[in-house]
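Here is how the chains run, residue by residue.
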Amino acid sequence: MKRVYILMIGCLLMASCKKLVETNPPGSQLTQATVFKNDGAAAAAMNYPYIKMAATSNTTSGQFSLDIMAGLSADEDSTVIPADMDFYRNDLTPRRSLAIWGEYYQLIFHVNAVIEGIQDPAISAAVRNQLMGEALFLRAFLHHYLVNFYGKVPLVTTTYAATNSKAVRAPQDTVYKQIIADLRQAKQLLGNDYYTPLWTVTTERVRPNKWAATAMLARVYLYTKQYALAEAEATELINHTAAYNLVSLDSAFLKNNRESIWQLQSIATGVDTWEGAQRILTAKPDNFKPVSMSHRLYNSFEAGDQRKIKWTGRITADGRQYPFPYKYKVMSNNSTNKSEYLVVLRLAEQYLIRAEARAWQGKIPEARADLNAIRRRAALLDVQTTDRDLLLLAIEQERRVELFAEWGHRWLDLKRTGRIDEVMSIVTAQKGGVWKSHQQWYPILETEIRANPNLEQTPGY
Amino acid sequence: MMSLLLPIEKLTRCNKVRLSLLLLAIVCLMSNAAQARQQKSTPKQDPAIKVSGLVLNKKWEPLAGVRITVKSTGISTTTDEGGTFELTNVPPNDTLLLEGLNIRSKVPVKGRKYIGIHLQVMTGNLDEVHVVGYTKTSRRMMTGAVAQVKAEQIEKQPVTNPLLALQGRVPGLFVVQSSGMPGTPVILRIRGYNSISNGKDPLIVLDGVPIPIDLGTGNSSVGLGGIVQFGNYLALIINPGDIESIDVLKDADATAIYGARAANGVIVITSKKGKEGRMQIELDARTGISRVAKKMDLLNTQQYLDMRRQAFKNDKANPATSFLADDITKWDTARYTDWQKELIGRSASFSEARVAVGWGNANMKVRIGGAYQRSTLVFPVGDHFNNRKISFNTNISIGRESGRFQVLVSFSGMSDRSVLPLQDLTGMAIMLPPHTKLKDSVGNIFWPANWNANAYAELLKEQYTQTYNAVGNAVLSYKLLDNLKIKLSLGTSVLTARDLQRTPLVALPPVEKPRGARMRLYHNNMYTVLAEPQLEYTLDRNGHKIEVLLGGTYQKSRNERDMTLGNGIFNDVMLNNIANATDTRAAQDDGEYKYVSAFGRLQYTLSNRYIFSLTGRRDGSSRFGADSRFATFGAIGGAWRFADERKVKEALPWLSDGKLRASYGTTGNDQIGNYTYLALYNTPIGTPAYQGLNGLAATGLDNPAVKWEVVRKINLGFDLGFFEDRIQLYVDAYRNRTSNQLLQQPVPLITGFPYITANRPAFVQNAGWEFLLNTINSKHRAWHWSTSFNISFQRNKLLKYPGLEESPYKDQLQVGRSINTIFLYQHAGVDALRGIYVFSNSEGRDTATPGPKDKFQGENLAPAFFGGLSNTVQWANFTLDILVSFAKQKGPNYLTAFPVPGAMHNQPVEALYAWNIDSKQANVQYYSQLVNSPAYKSYGFTQSSDAAYTDASYIRLKNIALSYQVLQGAWLTKMGLKSMSLSAQAQNLFTITGYKGLDPENQSFRALPPLQVIMLGIKATF
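Protein chains in written order, with numbering that gives the first Met the number 0: chain F, 0 to 460; chain X, 0 to 1021.
Treat each hint with caution, since some may be false.
Below 27 Å or equal to it, Euclidean Cα-Cα: the simulated BS3-like pairs (lysine-lysine) are [unchecked claim]: (1) X:K271 <-> X:K438; (2) X:K271 <-> F:K283; (3) X:K315 <-> X:K706; (4) F:K165 <-> X:K809; (5) X:K799 <-> F:K165; (6) F:K18 <-> X:K486; (7) F:K283 <-> X:K799; (8) X:K315 <-> F:K18.
I should point out that these hints are in silico values taken from the structure, not numbers from a laboratory.
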């Protein structure tokens, strides 16, 4: 019987032996702990947000890209399919929302994971600075779009789910404070040059550097009406002629051109940019390419504006004309040799930011000069007005025809300038809807509010 | 065994003299001749001897559980499941007293060392062997709730998945065939739904080795495309014909020994073993057809066009300028195709051939079975789509049941290959407009403008699936002492699957052609190794029987998956190799699961009447966070065989069996996938490199606190037998409570992910009653009729969920109601003025736009009761077996699947006679084709209203099997045939239901309904 007891005890000991149920983490996957023990793996973790944004993101591709949704909501785009009508007629409901909510917060999670992870002493100091700078820049960039599409939004600066799942919608100025803090820190950490993910200098302008942070700072200062600061940042950039200057209209969207401050590398298969693939029309808009440029925008170009000739296209089908944005010329490209990258930030916007910032500060001639720098490139005559309000309207119009079909500029401009009700009450009616001011901020999905009862629905929905 | 060599007819007429002679013969054969001589020469020395023996019933089958007592010493034992016994220190002239159900007999020892005892009793199902939790037992001595389906019942059903044979036969087990496509999984729910969001599948154990129920148990980042995701693994390992029995373990007493994996019950499958006797060869062939039994009544072209034109009229829209009106303006309106007949109306074929060879003697028993199956599909492409299975099953046992050393080896293996379309055509068959033109006059694929769903193109998208799966188990046992046995069970399973999917250019709509043809290639490998040392101790003395089982488990499973996507192939000939793709992407995933435990079972039986059992298991599983990997599960059970009490026997002589059972215990649920507690980083599938470097991304939120779900089970039952068990009644009442619910708790997207896995303090209760009534209605020699009826009532209830109101489940769950409840708007018909569906809101008023608060109408989608009725009639050489299964339930009807009437989809005839401006009394709202029109929105609410979830109860003639046994005949003998039988079988022959849809069982409008099968078979035994 002794043997029985020995065996019994043996069996019990076996079960309490924790080692037996220790599994290896899956060989094909890394964990948070292993990723940030190594410079290269940490760089790959930072690489993911760019890949997501560049490859198949709602930011850049398809019928529900950020740019098209904002264009439909504003006065830039038209559509033929019923599925887009709630955007087009400014009739959104909490059942449907722009997908950037989920996507951008997911990217913010990854960026925060990098920020938290690279504090590990195993990461070398130089790498930590570079990655930290990029991560902070992206966190600010992403929050910037969220705050401009939704108004009050949760400010997410940690990966800790227990905190985030109870987050409330922070006031816009709180979010902007964090955006500015992140951008300022990023500007300090990032270098002058463009780098590859493995820290060699490159001519590829596809990762944010110090100047990208500067450009975003200029924009955010303008949006928050800190005009002197906006002017200073834009000036810093415009003066850095060693790297940046306005280029011809034909080359402003080519890869790595000198006007671009940050581009997303073309990595999707079969296309250079989704903008080109989705927006260049070769036939009447249909289910697959439903969106065209609105006649409203098409007709708002001044006579002789070279941008209408070089940056827009038009097809005629069934006796109707369908204009379309034609900034990107490559519709499909199956080779790996790409000629166009998606422009995120470019110098022309900085001129217009400075023009507006200067106008608000009463520096009318300087403001006019910046505006005219952009107009001259489009072969337009100089604006001569000395009236600030007229000049501001001229700048708004210039932004409309310069920055159309890029990152929802028009939709954001109308809101930050407070002109949205004035403009949209006419435009929405023309689009077949009724403008309701609350529609300027998108609703949050019902399911999101169910998952976090602390989230309030956007007022009005 | 000598006895088994003799013809049965002679033996049944044996009288006592003949029996004695026969037993003597057996003894002569079995005993060592030298010993026998010694015995004869020294008859008067009288030393106590060791006696072993075998007890057989009237049918020469082993009798288990017969108590054998040595008259003078009182030492006793009981026969094991093989009918054998062994006694030491028996005076050679003593007498053995035999006791058991309907048994009271004396056998003189007469100095024999081996005694064969043939009793003139016929035992019923009470003494059949059940393989339950590492041990074997009989229904007579069982303390837990266990049901069994045996080979005869399985063989009568024309099924390829053995789990389907359980349908309607097991109280408490609800079985749903999810699709009529070969290889699709069968859903099994034992005693309801314990877990709100985790695995609800029972543990499946084949010959001692746990088998994953399907490939979906991991949380792999590598998905599986296609319609068939390999289905139930069991069906990919063993042919139903090689299965001896399937035991379904339900309560804590029966399942606690499986600890953390047994929350949802356990299904134990035992393959057929070799039997003693001369070599026997069974040949068996079946062939038949299967088809979709019921079609939906849909609109014809004229009705469809009327609906569409009316829709445009209602929306004040002009089809001529509409983007989506080609069906009215451009298509040939004279066409009509019955798409159901065209796409899913074919008869598929099935054929099967099986062979089994069995042989055995006292020292060795062997059975080898092999099977070939081929089935085709109901889709209209001849036999191009098909499924083929070749399987092999072997069982070898070496060593006597009563000997010191015994080895049992079981092996099952199968090669399964199928060619299937990527998509089930059922959805298209019911929703395509009836005049859609999808082929041109020469039979080529035709793409109407703005149309990119072509059923014929779907048929050109194919998936080739090949799996090679094997499960092997070896049990080595050694008797250390007479009553102490040490056992080592070693098991392994190897599962491999390869799936190749091709989407050729010819199957792509014109707009997609520039992107090129596509291929996908998946590999899945999974292996398990298992070692279970065990110790069995039995003490049987003076009416006290103690059985102890102690054991341990070490299990390690690994799964590996990889997937390659190939895009941009511009020539269909080049679809032969994924290397031809201009753009390939790959993903890879692997996982490891370790499981370790110690378990024990103590059973104490007093006088064969009082049975008490204690089961415990300490489990550790790698699926949980480092601090919560171990937990203890256990159960206590008891039974009282009151019918064996002398006073009861005297008072109620017609009561042949009576037992009260009770058990209480806990089991756990670890069906949560591997690594849930960890945040893993990988390169997400399909993401290209950026600046030459790939990205790494976290796949989820980590939660190191993830723990077990625990189910506490109470079971009370009684077994009754009347009139020599001609009537048997088994009743069970149970209550299972699951706590610590591990939920994929939705979290707001601002956390970065939609879900986190966390334990919530929610309690779910499943309570119910199960009844099984077996009767032998006629026992006449030439006319034998028996009936078995079972019915299960179950009720699920969310007992408590603190914080439910703040949780994301507040709209899906309600305390006091079933977790299968769906909350719906209350439909209030068509508003006569506006012509759209309206709903009663929470204040009782009608509204066309109900809000979340108005979703107060709860419908429980779990069955209220279900069961089966089977009748077996034997007349002369004919046997007829009829199984009817039934369920009382609600389910989603056609409204949930069909788009709004008026859109460019066909509709059931129920959508006729809609409201319009001229006739305002209607049950159907006005037709509309406009997205976001009031009718469109109202229809959306209707799909989430009680009008869309209606009765889905059914009574189904599940199975009917007729067989004719050719017993005798000179020609049989001449051909060396022992017996031969012919059979006809049918499955799902007809259904009585009020369900508004294709089939009340799978309730699907996208997947084929379970098919009607008719089959003919022949079986010969040599």
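Structure-based check of each hint:
no.	hint	in the structure
1	X:K271 <-> X:K438	51 Å, violated
2	X:K271 <-> F:K283	68 Å, violated
3	X:K315 <-> X:K706	59 Å, violated
4	F:K165 <-> X:K809	16 Å, holds
5	X:K799 <-> F:K165	23 Å, holds
6	F:K18 <-> X:K486	24 Å, holds
7	F:K283 <-> X:K799	58 Å, violated
8	X:K315 <-> F:K18	72 Å, violated
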